[in-house]
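Here is how the chains run, residue by residue.
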Amino acid sequence: MTDSAPIIEVCDVSKLFRLQQQRGESTIKALVVDALRGHGKTRDFWALRDVSLAVQRGETVGIIGANGAGKSTLLSLISQTTQPTSGTIATRGKVSSLLELGAGFHPDLTGRENVFLYGAIMGLNRRQMEEKFDQIVAFAELAEWIDEPVKHYSSGMYVRLAFSVAVEVDPDILIIDEVLAVGDASFQRKCIARIDAFKKAGKTLLVVSHDLNTIHTISDQLILMDKGKIIAAGDPDAVVAEYQWLSRESASTAETKEWGTGEMKIKAAHFLDAEGNHAEELLRGQPLHIEIDYEAASRIEAPVFGFAIHTTSGILVYGNNTQIEEYDIPSVEGQGKVTLDFGAVELLAGAYLFSFSVHSQDHQTNYHRLDNAHPITVRSDRRYEGVCHMDVKWGLGS
Amino acid sequence: MLRLFKEIYAFRDLLWILVGRNLKIRYKRSALGFLWTFLNPVFMIIIYSIFLRILKTYDPSNPVYLQMIVVGIVVWQFLAMCVGDSLHAVVGNASLVKKTTFPRIILPLSTVLANLVNFLLTLPIVGLFLVIVRADCGNLLLLPLFILTQFALCLGVSLILSGMNLFFRDTEHLMNAVMLAWFFLTPIIYGFYMIPVSFQRLALLNPMCGIVTGYRAALIGTDLMAPRLVAVSLAMSWLILMLGVSLFQRWQVDFGDKL
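Chains A and B supply the protein sequences, listed in that same order.
Under the numbering used here, the letters of the first sequence match residues 1089 to 1486, in that order.
Under the numbering used here, the letters of the second sequence match residues 83 to 341, in that order.
Hints listed in this document are in silico derivations from the structure and should not be mistaken for laboratory results.
Since we're looking at a predicted model, the values are computed, not measured.
It is possible that part of the hints are untrue.
[What the hints assert, rightly or not] In the DSBU-like style, the derived pairs of lysine-lysine whose C-alpha atoms are separated by at most 35 Å in a straight line are:
(1) A:1425 to A:1288
(2) A:1239 to B:106
(3) A:1425 to A:1481
(4) A:1182 to A:1278
(5) A:1182 to B:180
(6) B:106 to A:1220
(7) A:1278 to B:88
(8) B:110 to A:1355
(9) A:1239 to A:1287
(10) B:88 to A:1182
(11) B:110 to A:1220
(12) A:1315 to B:110
(13) B:110 to A:1288
(14) B:110 to B:88
(15) A:1287 to A:1182
(16) B:106 to A:1288
(17) B:110 to A:1425
(18) A:1425 to B:106
(19) A:1287 to B:106
(20) A:1287 to B:110
(21) A:1315 to B:88
(22) A:1220 to B:180
(23) A:1317 to B:340
(24) B:340 to A:1288
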């Protein structure tokens, strides 16, 4: 074993789940037939397919991907709580893992008892755990609760204790599955600071999270998974961009909706950058020019055009229309074009969906609406937090 | 086998914590708590001595009939408790099995050890009863042999059941019937000498048969009857332990997926 050998090595690993099909009817006959066959109808599902991965000592690797991509399965295989169907997994050193929100706590035991139980699983003896105990409780901020059974804990308290004990048992490899999402903001900051200290100590970290910002900040390397395969790995910026591209595509097929009376139609919307090129992806702060083609079968008096921007998770970021802007369009007929200019798109990095609409002035008649029809990806040169940029200035008071 | 011992030894702290937990959880929320370990056999002895007298079911020619039954029941309880707990030893610890790594054999081992502690604590009560009724003392030196053999049997059975219940949840319900049949097939509420001679050979294939007969010989000095057949019966216990270990080790790799 040399120093340059990877601390985690995953070779061509696949994992098959045999899912029990739901029975239509649960008759005694069906039960007997199933029992004779050994099991009911099953469906094979490959949660992982030929996954290979090497993590070096001291590296922090983040894993991102949509739900069901196989992230958690991969982590549980590396933690060796489940075995791969094929392929090999080798880890060097003590692995501490926080899988699916929590260390293996027993609900009937008190926080104190669970801390010692976890310590014993991690191979620490009672004296070693006693030395660490106060620190664990202090970090979890649970001094008053530590002698209560953990089943009375809130989910936040549970995760705090789990994180605290998993870090303090001094593992070589720490595996965290979507744990940071549960605690409150102040605890999350504490966790990140603790993770940084853990990284500085030269330890290895493997993290799964849907929080792109956090995972992007802490990871040296990101891995993007989709449908049981690794589809991108390496530089965090590049992998995050790839992921946003992927989720943009799936979002655009999933949520698009079109409706309205049809007296008037939005035929197309063209997104153009400053140079007049077609723009699907742009940098924060750049201008954007949108041309909306419409067609009105008959003459329409005083139509109102509008647009809205949503995040892929459905949060409305911004909406505006010609009526609010007091831009009156007396009437339209036949084919035509409406233009919409953004001086600067002040959205932060991520995928967004544009919706367009045209309706009557009193909002009683929707001529046509295209919801979430136009996806766009924004990149950002700085790591701001949130969805939009605001012009601010920092200064020192005199 | 040696590797397994080493693994268990490396996780001995975990084993003791789990044994302690199993003992603690049994009496959690009961006012008398640990005292029940002593009270249960006391009540049992009182109830049996009353009803055996009223129902006159016992063998009047045998003056030690009540003593035989008390020993038999206490010994049977050890196995019955192990079987009951083993069904949940793995299934009931899903969060540990799914989220942490340690030799899974620790789980059923800890439930059997906890029950062994319970059993050892009831022995003084039985001893007190035997002194009060002025029972003859048997060869007490043999007692450790039977305790160890029964421990092997209980562990073997627990390993098989704890794994089996995960893949085949009906095990739990099936065991009610199996345990009832096993109870009557074992000389607990009757003596080994009451089994027809032609069936005695067959009866001693039942490991509990040799164990109960052995305990009686050690505690109240009853006749071992056929020492060689008793030896066969004891050997069955150790065979079951080996079978249990090999099955459990083969099954345990899939535990994480089945939970």
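The hints, checked one at a time:
1. Between residue 1425 of chain A and residue 1288 of chain A the CA atoms are separated by roughly 57 Å; this puts the pair beyond 35 Å, and the hint is violated.
2. Among the hinted pairs, residue 1239 of chain A with residue 106 of chain B is consistent with the structure: their alpha-carbon atoms are about 16 Å apart, no more than 35 Å.
3. A distance of roughly 39 Å separates the Cα atoms of residue 1425 of chain A and residue 1481 of chain A; the hinted pair therefore is violated under the 35 Å criterion.
4. With a C-alpha separation of about 23 Å, the suggested pairing of residue 1182 of chain A with residue 1278 of chain A holds against the 35 Å cut-off.
5. Only pairs whose Cα atoms come within 35 Å are accepted, and residue 1182 of chain A paired with residue 180 of chain B is accepted, the gap being roughly 17 Å.
6. Restraint check for residue 106 of chain B and residue 1220 of chain A: satisfied, since their Cα atoms lie roughly 24 Å apart, inside the 35 Å limit.
7. Between residue 1278 of chain A and residue 88 of chain B, the direct Cα distance comes to roughly 39 Å. Violation of the 35 Å bound is thereby established for this hinted pair.
8. Pair hint residue 110 of chain B plus residue 1355 of chain A does not hold up; C-alpha atoms about 71 Å apart against a cutoff of 35 Å.
9. For the suggested pair residue 1239 of chain A and residue 1287 of chain A, the alpha carbons sit about 32 Å apart, so the restraint of at most 35 Å is met.
10. As the CA atoms of residue 88 of chain B and residue 1182 of chain A are separated by approximately 18 Å, the hinted pair is consistent with the 35 Å bound.
11. Proximity of residue 110 of chain B to residue 1220 of chain A is assessed by CA-CA distance (about 28 Å); at most 35 Å being required, the pair is judged to hold.
12. In summary, the hint linking residue 1315 of chain A to residue 110 of chain B is not supported, as the alpha carbons are separated by about 46 Å, beyond the 35 Å threshold.
13. As the CA atoms of residue 110 of chain B and residue 1288 of chain A are separated by approximately 44 Å, the hinted pair breaks the 35 Å bound.
14. Simply put, residue 110 of chain B and residue 88 of chain B have alpha-carbon atoms about 33 Å apart, close enough for the 35 Å limit, and the pair holds.
15. Note on residue 1287 of chain A and residue 1182 of chain A: the hinted pairing holds, with a Cα-Cα distance of about 15 Å set against a maximum of 35 Å.
16. Our distance criterion of 35 Å between C-alpha atoms is broken by residue 106 of chain B and residue 1288 of chain A, whose separation comes to about 41 Å.
17. For the proposed pair residue 110 of chain B and residue 1425 of chain A, the alpha carbon gap of about 76 Å is over 35 Å, so the pair is violated.
18. A distance of roughly 77 Å separates the Cα atoms of residue 1425 of chain A and residue 106 of chain B; the hinted pair therefore is violated under the 35 Å criterion.
19. For a cut-off of 35 Å, the pair hint linking residue 1287 of chain A to residue 106 of chain B is broken: about 39 Å separates their Cα positions.
20. Of the supplied pair hints, the one linking residue 1287 of chain A and residue 110 of chain B is violated, its CA atoms being roughly 42 Å apart against a limit of 35 Å.
21. For the proposed pair residue 1315 of chain A and residue 88 of chain B, the alpha carbon gap of about 40 Å is over 35 Å, so the pair is violated.
22. For the hint linking residue 1220 of chain A to residue 180 of chain B, the alpha-carbon distance of about 25 Å falls within 35 Å, and the restraint holds.
23. Restraint check for residue 1317 of chain A and residue 340 of chain B: satisfied, since their Cα atoms lie roughly 23 Å apart, inside the 35 Å limit.
24. Distance hint between residue 340 of chain B and residue 1288 of chain A is unfulfilled; the C-alpha atoms sit about 38 Å from each other, more than 35 Å.
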